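Visitor: Work out the full structure, taking the sequences as your base and the hints as a guide.
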Amino acid sequence: MVVGVLNLNIPQIPLSSSCPLRKQPRARFISIKASLESSNSQTSIKEEENPGSVSSSSSAATTFAPPPNFKAPEPKRFAVRPDKTLEIAGAALALFFRFGTGVFVSGYSASIVSENEIPPGQYCLEVGGSKVKETSKIGPRPEKPIEIYEFEGCPFCRKVREIVAVLDLDVLFYPCPKNGPNFRPKVAEMGGKQQFPYMVDPNTGVAMYESDEIIKYLVEKYGDGSVPFMLSLGLLTTLTAGFAMIGRMGRGNSYTPSKMPPKPLEIWAYEGSPFCKIVREVLVELELPHIQRSCARGSPKRQILYERVGHFQVPFLEDPNTGVQMFESAEIVEYLKATYAQ
304 MVVGVLNLNI PQIPLSSSCP LRKQPRARFI SIKASLESSN SQTSIKEEEN PGSVSSSSSA
364 ATTFAPPPNF KAPEPKRFAV RPDKTLEIAG AALALFFRFG TGVFVSGYSA SIVSENEIPP
424 GQYCLEVGGS KVKETSKIGP RPEKPIEIYE FEGCPFCRKV REIVAVLDLD VLFYPCPKNG
484 PNFRPKVAEM GGKQQFPYMV DPNTGVAMYE SDEIIKYLVE KYGDGSVPFM LSLGLLTTLT
544 AGFAMIGRMG RGNSYTPSKM PPKPLEIWAY EGSPFCKIVR EVLVELELPH IQRSCARGSP
604 KRQILYERVG HFQVPFLEDP NTGVQMFESA EIVEYLKATY AQ
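In terms of this note's numbering, the sequence shown is residues 304 to 645.
Since the hints were made in silico from the structure, they are not lab data.
One or more of the hints may lead you astray.
To be verified - Now the in silico label distances, taken between C-beta atoms and shown as ranges:
no., residue 1, residue 2, range
1, Gly626, Arg384, 23 to 29 Å
2, Ser412, Thr507, 29 to 35 Å
3, Thr366, Phe532, 48 to 54 Å
4, Thr507, Ser417, 40 to 46 Å
5, Tyr609, Ala491, 38 to 44 Å
6, Asn419, Pro378, 22 to 28 Å
7, Leu389, Asn506, 39 to 45 Å
8, Phe532, Ser414, 18 to 24 Å
9, Pro484, Arg384, 40 to 46 Å
10, Ile607, Pro443, 14 to 20 Å
11, Lys436, Gly508, 38 to 44 Å
12, Phe399, Thr366, 42 to 48 Å
13, Gly537, Asn419, 46 to 52 Å
What the hints assert, rightly or not - With a cut-off of at most 20 Å between alpha-carbon atoms, the simulated SDA-like pairs for lysine to any residue come out as follows:
no., residue 1, residue 2
14, Lys434, Ile549
15, Lys440, Val430
16, Lys640, Pro376
17, Lys519, Arg444
These figures come from a predicted structure and were not determined experimentally.
Every residue, glycine too, gets a C-beta built ideally from N, C-alpha and C.
Guide: The following block contains the structure:
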């Protein structure tokens, strides 16, 4: 466990036009052009015929490769690099303000079992000489990833990211940092205004603003219909989501000039992890589209990653543009900046 001593100056919750409190129409039903093509777990961004989309010609002209002498680090379980201790401690403050919302999949339960009750090759958490058997209850799975336009510094966006973790959904995130040249204009073009979060469900053709309405839609479509308690408290939910950003205030908000990759990155992560948080901040600042493979506690995708690489740990980055696969949040941050920052 990382323990940090922080001087907390409670900031004012951002209530800008990017994520206003005022109510808007519940949903917009629009014609959604396919922005994903999936084949053998590879996903690519298709150029869309509108001025708010990313031009594929600029990214196609850029060759992406790992940094010189790059070597993926060995995963170190529960280890924090000394120079990142305060960053991880600050990101972990969110767990206190949000009571762990986004750490567990819906219907999560755990029990201590003997070692021989877990077959070889099955992922599980080990505590002392015993093992923890974890289960959850997930709803119908969308055929295509949900698409969400958002950014880290918005409490309304955090609420939606939390329900994504609770429902164990895979999401294609389009980061919309302030002054970002690509996806903020696209949201205004699609929905008529720059307000976040903005969700598009390519499985149903539904698109909508308003975090609470998005949450209701997702639990009705891909959950059991019930909104988790900590996401059902109205203004109090929004306030605590804002307080959750105290330790990382200002991170993941503003655009850093970057090179747009032809394919979205893939990140195995979940909202409740402070290690995942510092990686997500950089993905947002660099405006890098990424598919998040949600894997909070109780997620069956933990077993999938365990079988693929022989180990489970998050965040885990897969970059189809360079072929890099890697663990370790601090090194992932350095890799992203070295590869995509201008």
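Visitor: Going through the earlier hints one by one, which of them does the structure break, listed in rising order?
Guide: 9, 14 and 15
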